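Asker: Here is what each chain is made of, one letter per residue.
Number of protein chains: 2
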Amino acid sequence: MYGAIEAGGTKFNLALANDRGKIIKEKTLATGSPQEVLDQIISFYRQNPVQALGVGLFGPVDLDPSRETFGYLLKTPKEAWRNYPFYKKLSQALPGTKLALDTDVNVAGLGEYYLGNGLGKKSLLYLTIGTGIGGGYILKGRPLQGLSHPEMGHILLRPHPQDSFPGTCPYHDYCLEGMAAGPSIYGRYKKFGQDLDPNHEVWTFLAYYLAQALVSYTVVLRPDQITLGGGVMHSPNLLTRVRENFADLFHNYLDLPPLEDYIKTPHLKDRSGIFGALLLVLDENTKKQLILDSDLEREN
Amino acid sequence: MYGAIEAGGTKFNLALANDRGKIIKEKTLATGSPQEVLDQIISFYRQNPVQALGVGLFGPVDLDPSRETFGYLLKTPKEAWRNYPFYKKLSQALPGTKLALDTDVNVAGLGEYYLGNGLGKKSLLYLTIGTGIGGGYILKGRPLQGLSHPEMGHILLRPHPQDSFPGTCPYHDYCLEGMAAGPSIYGRYKKFGQDLDPNHEVWTFLAYYLAQALVSYTVVLRPDQITLGGGVMHSPNLLTRVRENFADLFHNYLDLPPLEDYIKTPHLKDRSGIFGALLLVLDENTKKQLILDSDLEREN
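For the protein sequence lines, the chains are A and B, in the order given.
Be aware that the first sequence starts at 647, since it is given in the numbering used here, and climbs by one per residue.
Be aware that the second sequence starts at 647, since it is given in the numbering used here, and climbs by one per residue.
In case anyone wonders, no lab produced these hints; they're calculated from the structure.
In this text the structure is predicted, and so the values were computed from the model without any measurement.
By construction, the Cβ of each residue, glycine as well, lies at the ideal position given by its N, Cα and C atoms.
Hints should not be assumed to be uniformly reliable.
[Stated by the list, open to error] Partial chain A-side listing against chain B, Cβ under 8 angstroms, derived:
id: 1; residue: Ile-669
id: 2; residue: Leu-802
id: 3; residue: Leu-803
id: 4; residue: Pro-805
id: 5; residue: His-806
id: 6; residue: Leu-900
id: 7; residue: Tyr-908
id: 8; residue: Lys-910
id: 9; residue: His-913
Bound conformation, chain A alone (with noise of 0.2 angstroms):
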C-alpha cells in the first residue's frame, strides 16, 4: 500500500492507494495546529499502514536534504507553522515508512505530468494561482531542482494602461503574484473574484498579466506544456483571455503547440496534487500501471 497527502494551508488530503496506485480512501482534515494535524495523520496511516507516503506540503519549504532544517516549513504566514519540522516529526511518528517530500506546486506539476496535460511531452510548467502565485517546472518527469519554488511568480511585469494597482507585494511594484493573485481583486475592489461578474475589468487585467508571465516563462523555460491551477483560474472564460492575450503577445515568435493544448488548466481538476504526492514514491513498475490505467480511462 502507498500513501499520499497533499498538505495545504487551508485543509490536508490523506490518501491510500493499492498496488495499482489506485485511491481506495481518503480523509480530509483542516490545517489546524502542527499537533492536531500530525495526529491525525499518524492515526490514519496506523490504521492504513503503507510502504511509503508521499508528501506535497505547501511552503515555503526546505527541501535542500543536506541541510538540518531539511522538511521544516520556513517563514509560512501561518505562525503555527513557521519552522515547524514537519518532515522530521513525521518520520519519526511513522518508522519504517519511506517518506518522500516535495512542494505543492511541483507535486501538482508531477500529477500533471504523467496523468493530465503532460501526457507525452518532455516538460511542464505548473503554476498555481491562488492566494499566491507559485510554480513548478516539471523536465523529463522530475520536478527541477532550484528551478521550482514558489518565487517563480515574483516575475515583473508592466501594468496595463487602466489599471493603477501596483500590487499587493511587499517587495516589488507591478511582480505577478502581486498584480494577479486572489488578494490583487481583493486589493482593488474590496470585493472577491467570485463575487465580480465574469465581464469585470478585473479579468481584463488578470489576463493581461497573465500572458505576459507566460510569455517570459515560455522564452524562458521553453516548457511543452504550462498548466494553471488555483481558485482564480475558476474564473469563467479567464483561461480563453488569457490564451487571446498572450497571441497577441508573443506574436507567434516560437513554433508551439496550439494554444489550446499549450495552455490549459489542470486536467485532473483538483486531483493534480494528491495524484502527484502519490507519484513521488510510487515503484517504477506502479507507476508504469496508474499512467496505462489513467490513459485508458481518459479514452473511455
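Let chain A serve as the given structure and place chain B on it in line with the hints.
Answerer: Relative to the frame of chain A, chain B by itself:
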C-alpha cells in the same frame, strides 16, 4: 592535443591546446562564406591534428541530436550560413576527430562556470548583451537542455517612464532584446553606443531594462551567479548601474550573494567562449588540470 573553435558572426577563433588544457596556438578568421571558413578550419587542424574539437557556434543552431538537421545553422540573418550543415561538413572533413557542439552563449557560460565567475557555484546564468541578447544556464557543470537558447532575451519588460522607444524586436514591443541590445541604441539615437557619453540617458534606460530582466531570471531560474557578457557591457559604469537598479527592483526579496559577486562581467573577458568550447571536449583529468592551473594563476 585538443581543439576549440569559437564561431561567431563576425569572426572565428581557432585554438589548439595541449594535454593540460593550455592553449598553445591560435588563429582568427573573418566569418566569410561557409566554404572559405571551412577550408581554413580544415587546413589549421590538418596542420595541428587534434583528438577532439569543441565548437561554440553562433546561432540559431539545431542542437537536437535526434534530428537530421543537428548542427545546422537555422534562420540566421547571415544568408550564406542559413541552413548550412556546419557540423556535418566539419565531421566529414575531419574524420577520426571527436566533435562536440554547443551554442556560443552556452560555451561562454561553461567557460565562466569552470574557470571564471562560477568557481565554487552550482549554477551560472550567462547572458550576452550584443547585437542580440541570448542566455545560457549552466547547472552543475552542464548547459541545461531546453533552457539554454537564444530566445531567453525576449522576456517582456515595462518601459522606463522617460523612454518612448518601443524596441527593435519585430515580434514584441518592450522585450529585453528589443530594448537593450546594441541595435536599440542605434534605433533610438542613430548613433552607436561607443559614440555616446557614459552619462547619456541611454545607459539609464539600458540599466533599468537589464535589471528588470535579471530580477525575473533570478526568480525563475535561481542562478548562483549571473555573468553579463557582450559588447554593450563594455560601456563604463553600465554594470554598476545594473546592480543599483537591480537592488531597487529586487528589494532584498531573497537572500542573494552581494551584488558585486552576483552580477559581474566575464572574469575571462573575451576568452570565456574559446575556453568553454575547449571544455566541451577535455577529458575529466585534463579539465581538472586546467581548472587547477587557472586557480593558481588567479591566486598569483
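Asker: Determine which of the earlier numbered hints do not hold for this structure and return their numbers in increasing order.
Answerer: Going through the list in order, the structure violates hints 1, 5, 7, 8 and 9 and respects the others.
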